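Listed below are the residues making up each chain.
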Amino acid sequence: MTAGLPFLFVASGTGISPFHSFVKQYEGLDYQVLHGVRLAEESYEREEYESGRYIACTSQDEKGDFHGRVTDYLIANPVNSDTLCYLCGNCDMIHDVFDILEKQGVKSENILTEVYF
Amino acid sequence: MKYHLVTLGCQMNHADAERVQAVMAKLGYGVTDKEEEADVIGIIACSVRQKAIDKVYSKISKWNKWKNKKNLVTFVSGCILPDDQQKFLKLFDLVFDMKELSSFPIMLSQYGVTTPVSNTPRVHDADMEEVARPASVAEKLNLAGARPVSKVAAPPQTWEVEPVYNSSFEAFIPIQNGCNKFCTFCAVPYTRGREVSRPSADILEEARNLIEKGYKSITLLGQNVNSYGLDKKGEEISFAALLDRLGGMADASGQDVWIYYTSPHPRDMTRDVIEAMARHRSLAKQVHLPVQSGDDKVLIRMNRKHSMARYREVVGWIHDLLPTATLFTDVIVGFTGETDEQFEKTRAAMREFKYNMAYIAMYSPRPGAASFAWQDDIPHTVKKERYAQLTEDLEKEAIVHTKKMKDQMIRILVRGKDRKDGYLSGHTEGKIVVRFASDDESLIGTFVDVKIESVRPFSVEGELVTEKVAI
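Residue numbers (the working numbering), protein chains in the order written: chain C, 1 to 117; chain E, 1001 to 1471.
Chain C on its own, in the form it takes in the complex (with noise of 0.2 Å):
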């Protein structure tokens, strides 16, 4: 893994999978994991994650740590234009998250993609 730099994993719904034995194997990992579900209770295993880590955008109910989806929060809260991204779930989060990023300035060979759905 490539030490030092901040790790960005954004999933929807069961795109959370590969980042789960992710931060399991790089103990240490400097991570923040976006997870965008509709309701809280879909925050699958939420405290195999780091406290402060895990982020639950939420679109259909306020329970979650962000009322909105995972687009809204990146707008929101920039990244960083050095951090590796990983982004894992439905197609269409996936195109408008790369372009999020993108324009905060990460290179697009800094964002990986694995489109479930």
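Because the hints were derived from the structure by calculation, they are not lab data. As the structure is a computational prediction, the values presented were derived from the model and not from experiment. Where is the CB? At the ideal position from N, CA and C, for every residue including glycine. One should not assume that every hint holds.
What the hints assert, rightly or not - Some chain C residues judged to face chain E by a derived CB distance under 7 Å, without partners named:
#1 Leu29
#2 Cys91
#3 Ile94
#4 His95
#5 Ser108
#6 Thr113
As the list claims (entries may be wrong) - Going by beta-carbon spacing under 8 Å, a handful of chain C positions derived as facing chain E:
#7 Asp96
#8 Phe98
#9 Glu109
#10 Val115
#11 Phe117
Starting from the known structure of chain C, fit chain E onto it as the hints suggest.
Here is chain E on its own, set in the frame of chain C:
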């Protein structure tokens, strides 16, 4: 007793078919081209296109009607999606995964079929039971008369069966099966499973035997050859190292042979693969590098996991290290959500990379693939227009290459009779089709020199200059 085998789809399916033929031959069956004469009829299915699956249903419907008049056993294998497999179980007598090929003799036996060799002392019931035991794949095939290339760990793979080669001068060697890439338009990971690499020692041995027998063209097959060895977690050499060893062996053999591979993946292609190709004369200077789309957003939707910048980097290596190499590609037009602007970027890629050949397909959703759940929102008429436009673009680029061949003396491998009466045809090292006037069928399977007299975008025509030359 005779069997008839129908093979649909890609080169991998044809390589699988050669192994099915080997098992049938060892069971004592003779092959027939006429399905009406066969006692056993099989089909190696392909799920990449709906048309191929429709053909399977059409064939089995006809064959099942014949069962009212004759004894007939039918089987199906190859690339089959789970839904189709369930349907085939009701239509075919035997349905099996190619990984279960070594169990095919026992399947036939259990089905009540007396094979031509089942009454001989060599193969009897006890032997058949041994044949079916998964832990002894290699031995069991010996009992059926086929020789395993090597003993490998379970699960068994088709390549454990030595094939009956359908050609005496060109052969396909499977080096890997399955795919981990999960492109959203493709069902292969669901039909062939995850990537499994064949032991390099087996590949080198099969290649060495073919070269010693005088084979002129050898193609290494895998769904994603650049991932070769990765599943072995450091216990197998890389694809570049495999090519290097094959090239070194072929160069040193003194034989003339062109070694190809398909398909690579732009994400996993490494510079050392191209370097190996540059190092060995036997590694043919032709690269088939699928681009699929020229637009980064479409590539994301396809889950190709590479950008155009990455693709451009790989093509740069090819141009730098293999200046004479031909470049082929695959393109899908009309993929879900593809806008006019995104299609224009594919057209731009066609101009930028100046392909010698492209296999262009109109997108069609495949059950099992992720994109099947998405709306196929590009009208068929638009797909046809884009297909025609891109084909026209390709022709403009390709003819620039073939025009450079005019008046040149080009070495080709003669592959057979051409559709044009009185002509033979073959291909160059870069797989450009060449035809020339000759009735001398003894030239088939040899290298000859042809002086090119006229050119078209994807083929050229010339006059035979020298016969049976060494490269």
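| Any hints this thing doesn't respect? Which numbers, in order? | 1 and 7
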